[in-house]
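Turn these sequences into a full structure, and let the hints guide you.
As they're listed, the protein sequences go chains P and Y.
The first sequence begins at 726 in our numbering and counts up one residue at a time.
The second sequence begins at 66 in our numbering and counts up one residue at a time.
Where hints are given, some of them may not hold.
Unchecked claim - The calculated label-pair distances, taken between Cβ atoms and stated as ranges, are:
| no. | chain 1 | residue 1 | chain 2 | residue 2 | range |
| --- | --- | --- | --- | --- | --- |
| 1 | P | Pro856 | Y | His156 | 28 to 36 Å |
| 2 | P | Gly914 | Y | Phe94 | 55 to 63 Å |
| 3 | Y | Trp130 | P | His822 | 14 to 22 Å |
| 4 | P | Arg881 | Y | Thr139 | 55 to 63 Å |
| 5 | P | His822 | Y | Tyr106 | 40 to 48 Å |
| 6 | Y | Asp102 | P | Pro856 | 50 to 58 Å |
| 7 | Y | Asn124 | P | Pro856 | 49 to 57 Å |
| 8 | P | Gln781 | Y | Trp130 | 31 to 39 Å |
As the list claims (entries may be wrong) - DSSO-like mimics (lysine-lysine), calculated; alpha carbons at most 27 Å apart, straight line:
| no. | chain 1 | residue 1 | chain 2 | residue 2 |
| --- | --- | --- | --- | --- |
| 9 | Y | Lys155 | Y | Lys110 |
| 10 | Y | Lys164 | Y | Lys110 |
| 11 | Y | Lys155 | Y | Lys129 |
| 12 | Y | Lys129 | P | Lys765 |
| 13 | Y | Lys129 | P | Lys848 |
| 14 | Y | Lys92 | Y | Lys129 |
| 15 | P | Lys765 | P | Lys819 |
| 16 | P | Lys762 | Y | Lys129 |
| 17 | Y | Lys92 | Y | Lys114 |
Claimed, not checked - According to the in silico footprint, chain Y covers these stretches of chain P (three or more CB under 8 Å from chain Y):
| no. | segment |
| --- | --- |
| 18 | 865-873 |
| 19 | 893-906 |
Keep in mind that the hints were calculated from the coordinates and are not lab data.
Just so we're clear, the structure is a prediction, and the values are computed from it rather than from any experiment.
Each residue gets a CB set at the ideal place from its N, CA and C atoms; glycine is no exception.
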Amino acid sequence: MSEAVTPLNGARFEGLATIEDAGLTGMITLRGNLASKEMKAAVKKAVGLGVPAQRQVLSGQGSAVLWMSPDELLLICARDGVAETIATLEEALKGQHFLAHDVSDARTYLHVSGAGAREALAKLCPVDLSPQAFTPGMVRRTRMAQVPAAFWLDDRGVFHLICFRSVADYAFGVLRDAALPGGEVGVYG
Amino acid sequence: MLILTCPCCGVTGEETEFHQGGEAHLKRFGPGSTDDDFHTYMFAKENPKGAHFERWRHNNGCGKWFIMARDTLTLEVYGTYPAQTHEPPKHIRDAITAKRPGWTWRAFA
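Pasting the structure below:
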């Protein structure tokens, strides 16, 4: 067996914000009718969480469920638990119209934290990231410079950011540039 | 810069988060149609000065298609609505009428 590595292989940058590779993480795309009781039961059984409301995230211990679109969720779990989680979903959703697919290797997962985290992201994304407008529990899929990205904020003030694996270097690079010392704007106080 | 709200995921964002996908409410003519019908479907597009209906996709967001009514002159966005409709809903038509009384766009008015 080959050993799985993240595309950024543990990269870390400390500037106005700290940008770091979040490490190997299990990610499962789950599509189907999010309103059905079978879907709710399946997600509960697989990761122990409910189905989040529109553009929201529900987080647990090492797991999370993200609302990605009206018929799509992203489940986050331990990397070595992906196969088991998918098996649980497939068993619980038998007979339903759904898709559960391992996308762990197709994504890059970053943490952006520190005092300048909001500002670094706001330089790259056309999103109001003021503390009043963007609060923990929200998921936002948007454009980060020239690539699509999704991010959410946890209760500790850490941004969790996901984008495609193929643009990992680019994503890390633009975030690092946005957080370079000397580039303070101070728009969020 | 257009500021619009995706009717599928509710995000209000600016136009670079989305992508335009051509004219809305087209009736398609495919294999078996007459040359005239196909030609009209393929090439005869509306190019109004004023209210216009376009398909847009939230391609950096939820990935869904929807329809936007906007003004090509003032860049005002009259509204967005789901793509699974055959004609603009009343509140969109009313919003256009408020700004451009007597407007027409193909068969709509």
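Going through the hints against the structure:
1. Distance hint check for proline 856 (chain P) and histidine 156 (chain Y): the Cβ-Cβ separation is about 34 Å, which falls inside the suggested range of 28 to 36 Å.
2. About 58 Å separates the C-beta atoms of glycine 914 (chain P) and phenylalanine 94 (chain Y), a value consistent with the hinted range of 55 to 63 Å.
3. In this structure the supplied range 14 to 22 Å holds for tryptophan 130 (chain Y) paired with histidine 822 (chain P), their Cβ-Cβ distance being about 20 Å.
4. Checked against the hint of 55 to 63 Å, the pair arginine 881 (chain P) and threonine 139 (chain Y) fails, with Cβ atoms roughly 45 Å apart.
5. At roughly 32 Å, the beta-carbon separation of histidine 822 (chain P) and tyrosine 106 (chain Y) lies outside the given 40 to 48 Å, and the hint is violated.
6. The supplied range of 50 to 58 Å is met by aspartate 102 (chain Y) and proline 856 (chain P), whose beta-carbon atoms lie about 56 Å from each other.
7. In this structure the supplied range 49 to 57 Å is violated for asparagine 124 (chain Y) paired with proline 856 (chain P), their Cβ-Cβ distance being about 28 Å.
8. Judged by the Cβ atoms, the range 31 to 39 Å given for glutamine 781 (chain P) and tryptophan 130 (chain Y) is violated: they are separated by roughly 23 Å.
9. Under the criterion of a C-alpha separation no larger than 27 Å, the hint pairing lysine 155 (chain Y) with lysine 110 (chain Y) is consistent with the structure, at around 23 Å.
10. Taking the CA atoms of lysine 164 (chain Y) and lysine 110 (chain Y), the gap is about 23 Å. The hint holds against a cut of 27 Å.
11. For the hint linking lysine 155 (chain Y) to lysine 129 (chain Y), the alpha-carbon distance of about 22 Å falls within 27 Å, and the restraint holds.
12. The hinted pair formed by lysine 129 (chain Y) and lysine 765 (chain P) meets the criterion: a straight-line CA distance of about 23 Å does not exceed 27 Å.
13. Pair hint lysine 129 (chain Y) plus lysine 848 (chain P) holds up; C-alpha atoms about 26 Å apart against a cutoff of 27 Å.
14. Distance hint between lysine 92 (chain Y) and lysine 129 (chain Y) is fulfilled; the C-alpha atoms sit about 20 Å from each other, no more than 27 Å.
15. Proposed proximity of lysine 765 (chain P) and lysine 819 (chain P) is supported: the alpha carbons are some 13 Å apart, at most 27 Å.
16. Proposed proximity of lysine 762 (chain P) and lysine 129 (chain Y) is supported: the alpha carbons are some 24 Å apart, at most 27 Å.
17. Between lysine 92 (chain Y) and lysine 114 (chain Y) the CA atoms are separated by roughly 22 Å; this keeps the pair inside 27 Å, and the hint holds.
18. Using a Cβ-Cβ cut-off of 8 Å, 5 residues of the segment 865-873 of chain P lie near chain Y, which meets the minimum of three, so the contact claim holds.
19. With 0 residues having a Cβ less than 8 Å from any Cβ of chain Y, the segment 893-906 of chain P misses the three-residue criterion, and the hint is violated.
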